Structures are given as C-alpha cells and as structure tokens.
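Undergrad: Given next are the chains, with one letter for each unit.
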Amino acid sequence: DTGVSQDPRHKITKRGQNVTFRCDPISEHNRLYWYRQTLGQGPEFLTYFQNEAQLEKSRLLSDRFSAERPKGSFSTLEIQRTEQGDSAMYLCASSRTGVNTEAFFGQGTRLTVV
Amino acid sequence: GQQLNQSPQSMFIQEGEDVSMNCTSSSIFNTWLWYKQDPGEGPVLLIALYKAGELTSNGRLTAQFGITRKDSFLNISASIPSDVGIYFCAGQAGGTSYGKLTFGQGTILTVHP
Chain A
49 DTGVSQDPRH KITKRGQNVT FRCDPISEHN RLYWYRQTLG QGPEFLTYFQ
99 NEAQLEKSRL LSDRFSAERP KGSFSTLEIQ RTEQGDSAMY LCASSRTGVN
149 TEAFFGQGTR LTVV
Chain B
7 GQQLNQSPQS MFIQEGEDVS MNCTSSSIFN TWLWYKQDPG EGPVLLIALY
57 KAGELTSNGR LTAQFGITRK DSFLNISASI PSDVGIYFCA GQAGGTSYGK
107 LTFGQGTILT VHP
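Heads up: the protein sequence lines correspond to chains A and B, in order. Residue numbers for the first sequence follow my numbering, so the first one is 49 and each next one is one higher. Residue numbers for the second sequence follow my numbering, so the first one is 7 and each next one is one higher.
All clues given are correct.
Simulated coverage check for chain A against chain B, where a stretch passes if three residues somewhere in it have a Cβ under 8 Å from a Cβ of chain B:
no., segment
1, 81-92
2, 146-157
Cross-link-like lysine-lysine pairs, in silico, DSS-like; alpha carbons within 27 Å at most:
no., chain 1, residue 1, chain 2, residue 2
3, A, Lys105, B, Lys106
4, B, Lys106, B, Lys57
5, A, Lys105, B, Lys76
6, B, Lys57, B, Lys76
7, B, Lys106, A, Lys59
8, B, Lys106, B, Lys76
9, B, Lys106, A, Lys119
10, A, Lys105, A, Lys59
11, A, Lys119, A, Lys105
12, A, Lys59, A, Lys119
These are computed hints drawn from the structure, not numbers from a lab. In this text the structure is predicted, and so the values were computed from the model without any measurement. The C-beta atom is built at its ideal place from N, Cα and C for all residues, glycine as well.
With the hints as extra help, turn the sequences into a complete structure.
TA: And the structure:
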C-alpha cells in the first residue's frame, strides 16, 4: 500500500494526558499537511511542512499542539494536556511540490478525550 | 476557520437519479477539488480542476471550475447505492498557500435502492 498511512486509527485518552499521532506520507511527496475534522464539518487546516520545514500554522493550532517532520519523511502531531474540545478526527495529507498538485489523505486518527 | 459554502447540506434520492451539488466562495481559488468521505475514513479524491471554465469527468462524475474562479459544481449521473457518503468541495489558493485546502461543510448523499 503506497497511500498515506496514519497511526493509531483510534485513540481514547483522559483529559490532561498527552497524545501523539504519526503520519507516513506517500514516499515521493514533499508536502505534508495536518487537518482537524469535527462532526458535521469539513476538515480544517492546522499546519503544513515542505520537507522538514514547517511553513504555515493555523490559529487553530494552540500552544498545546506541536508538529514535527524531523527528516522530511514521517510526521508526528502531539497534543499536550488534552481537553474535551480536542476530540476530533485528525487527518494527514500529502502532495507533491508544485502549482497543480493534488492532496491525498490518510484514513485519519479519531481522538476521543474523556 | 474559513469554509466554503456548499449546498445542499443533504440529499435523499432514488437509485438511478442524477445528483448535483455546488460550492461557492468569496475568494478566488486556483484549484478546485472534490472529495468523497465514508464514515470513519479519510476523504478520497474524486476530481481535480485547475483552470477556470474547465469541465472534467471521471466515470459518472462531472465537475466544473466556475468562470469567476469562485465556484464549482459536481454532478453524479445514474446514482447507485455505493455513491452514499459525504461529498466535500475544497479550494486551493495560490501564492504561499499552495497545497493548503479550504473545505466546504459537505453534502450528505443518501441513495435509496
């Protein structure tokens, strides 16, 4: 399978705990994106990387959120001191660099904070 | 965050009927994309549009990039039960925002056999 892979698929955590999600993009894709999707809404942009450089962060990405892509391949998204409002589907996507590029999504990580 | 205006919010149709949904924005986009999402899964790309006025087909799906670059529509012909799901439009602006997508709220499609 050469698609975007996310791990875990589901995560249940207690409020206040830290969680980390992993995304493995399509191998030849330089760009990697994180989105968050709540029930009944479309995905909302959180941040994106070109290779290992984090080029843009949304205002949705509070100080408790941090994303890394240390070697320009896989990426991690960490949420510290989780809150119930963090419950959502976290989606990762990747694309090539260029003007007319198509972003391909992974299956997502469903986070439930109890 | 900003989202596109997608309509209708939901549709209930009989198998074999045609479906049309559209998306509008107050901003200009360089690319329009249409995705389908099944429950608990990530969005799957259906069609990508790169030029104003472009009309593109993918099997029973046809999509158009509006002339003003502020709208797009998706048509599904002769619907079948497996068309059930949530359809999202997404716009991609140019400049430093290459790749970053702004999504509509989705159209929930139900197809009755």
